[in-house]
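Residue numbers (this note's numbering), protein chains in the order written: chain X, 1 to 279; chain C, 1 to 279.
Among the clues, some could well be false.
Chain copies aren't distinguished; within one or between two, either way the pair holds.
Under the rule of at most 25 Å between Cα atoms (straight-line distance), these lysine-lysine pairs were calculated in the BS3-like manner [to be verified]:
(1) 179 / 80
(2) 147 / 179
(3) 99 / 179
(4) 80 / 260
(5) 80 / 99
(6) 147 / 234
(7) 147 / 80
(8) 27 / 80
(9) 260 / 234
(10) 234 / 179
(11) 147 / 260
Hints were generated in silico from the structure; no laboratory data involved.
There are 2 protein chains.
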Amino acid sequence: MSQPARVGILAGGGPLPAQVAEALRRKGQEPFLIGFEGFADESLLAPYPHEIIRLAAAGTILQALRRHGCAELVLIGPVKRPSWRSLRPDTEGVRLLAKLGRALFAGDDGLLAAIVRLLEEEGFRVRGAHEFLDTTSNRCGPWGRVKPDRQAMADIRQAVHILSVMGPLDIGQGCVVQKGLTLAVEALEGTDAMLLRCGSVRQEGAGGVLVKMPKTGQELRADMPAIGPETIRKAAEAGLRGVAFPSRLTLVMGVDHCIKEADRLGLFLYGLGSDSISE
Amino acid sequence: MSQPARVGILAGGGPLPAQVAEALRRKGQEPFLIGFEGFADESLLAPYPHEIIRLAAAGTILQALRRHGCAELVLIGPVKRPSWRSLRPDTEGVRLLAKLGRALFAGDDGLLAAIVRLLEEEGFRVRGAHEFLDTTSNRCGPWGRVKPDRQAMADIRQAVHILSVMGPLDIGQGCVVQKGLTLAVEALEGTDAMLLRCGSVRQEGAGGVLVKMPKTGQELRADMPAIGPETIRKAAEAGLRGVAFPSRLTLVMGVDHCIKEADRLGLFLYGLGSDSISE
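With the rest of the complex left out, here is chain X (with noise of 0.2 Å):
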């Protein structure tokens, strides 16, 4: 039987590298890491074979990843845009970023649709996250005990209106929605800024809901939408009685953590199927 082939984690901030890479040993494959200086928390990279490597360094990056067999791909985790000044790319980093060229200056969706494009040139097969995350889960309708109702229901209808139409935009991928009203939109802040802000304007009554889904044309295997116990917490903090997402589409960090943080809190975990956030 052929060993499957080594697949290589470009690990920028978080925690979901390292579950990935853990997750890859459990099925008896030695993951390599290369984290991304400044992003990559090397605590969690500790314990599995890694280096640490600038972004732009691409020339250091391709060849330690060619040096330890890695034939497929898997990009992880948080990465800030650099700043130009900071960037100082190598080499190969020239050649690559002139071979970016206008994507380097579209949005978060046009850039890493390119780099994926772009590192599957240089032969590498680049592989979604959640292929390799826990998937027993992905199941549509309530994860845990709590169930949302007729009210909780339309609002999750209508966050999904919203993302969908703001979809083609490449703004965001997270909405607040509380009794028919939008109380939040995410855009480049991210969902927990969002989550903190939703506080202050929350309104009388049942709480609201978080909706999270990719955006229209997103990269998933760059920049698949995440939530983990910390978003449930969050949610929770703001007055929100729950969060829903399509279940094919989103990287749940730590399903059973999450559906435990869920149910102590009374929050309803809502997972969608493709009927319901297609438009």
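Fit chain C to the given chain X structure using the hints.
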């Protein structure tokens, strides 16, 4: 010559109610103001005949307006949707709330439009605040010394497109774009809070632009987008290069002061013509 109808001002927060009152007095018309308790700043209303009344005391409000001979009304200054518990409507209030019916559960646009209709059914003519304020400056193009460059014009067009697509969703009136990236979209938090978070998501290089625009179908007589010197200062603090708005559909508070602040801070103020905002 017949005396023009007395104008009643239903005053929420901020400086605009007093500015409308002053504009009327300059034209030789003595206004009558009702300041909503908990929202209106009584120190600003003090120079004019006024009463402070609870929002839900509709009977007292209508009586006061009629007693003072008001035939026309202006609704101006922000009012937060009160909680049901704090509302305590009087008898007339209960009747009018029942009449508002479903609109009470609509978004802001739906509710304000319903309130305007209701006041007109009560026999008042509801007028827009912009009809009374300084309108000599609603010209298109740059208002001050600074002109938007080509990148800024592209960002303005993108923000206008975003707000046009989002308009029918009844979300917000503002959006910040920097070099093709949407930094922030305004929902219930308001423009100031949106500008505050733009600092932390700001990208390298030429700064972004703020565009404010009414939502599609928005009842301009009750809720017109407004900008003032404070908007310009907050935009400057967020690293923006300018502010654009449809000149005929925006309340600019203190035009001269706004232009002076923009010039001092090196920001552009750009009036959009109706050709550039219809899509």
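Quick rundown of the hints versus the structure:
1. 179 / 80: This pair counts as between: shortest inter-copy Cα distance 16 Å, intra-copy 34 Å.
2. 147 / 179: Result: close within a single copy only, 16 Å intra versus 42 Å inter.
3. 99 / 179: between (47 Å within a copy, 20 Å between copies)
4. 80 / 260: Intra 31 Å, inter 36 Å, cutoff 25 Å: neither.
5. 80 / 99: Within one copy only: 20 Å inside a chain, 51 Å across chains, cut-off 25 Å.
6. 147 / 234: Within one copy, since 19 Å is at most 25 Å while 42 Å is not.
7. 147 / 80: Neither way: residue 147 and residue 80 sit 36 Å apart in one copy and 31 Å across, limit 25 Å.
8. 27 / 80: Intra 31 Å, inter 55 Å, cutoff 25 Å: neither.
9. 260 / 234: within (15 Å within a copy, 42 Å between copies)
10. 234 / 179: Classified as within; 19 Å inside a copy, 31 Å across copies.
11. 147 / 260: within (14 Å within a copy, 55 Å between copies)
Of the hints listed earlier, those the structure fails to meet are numbers 4, 7 and 8, in rising order.
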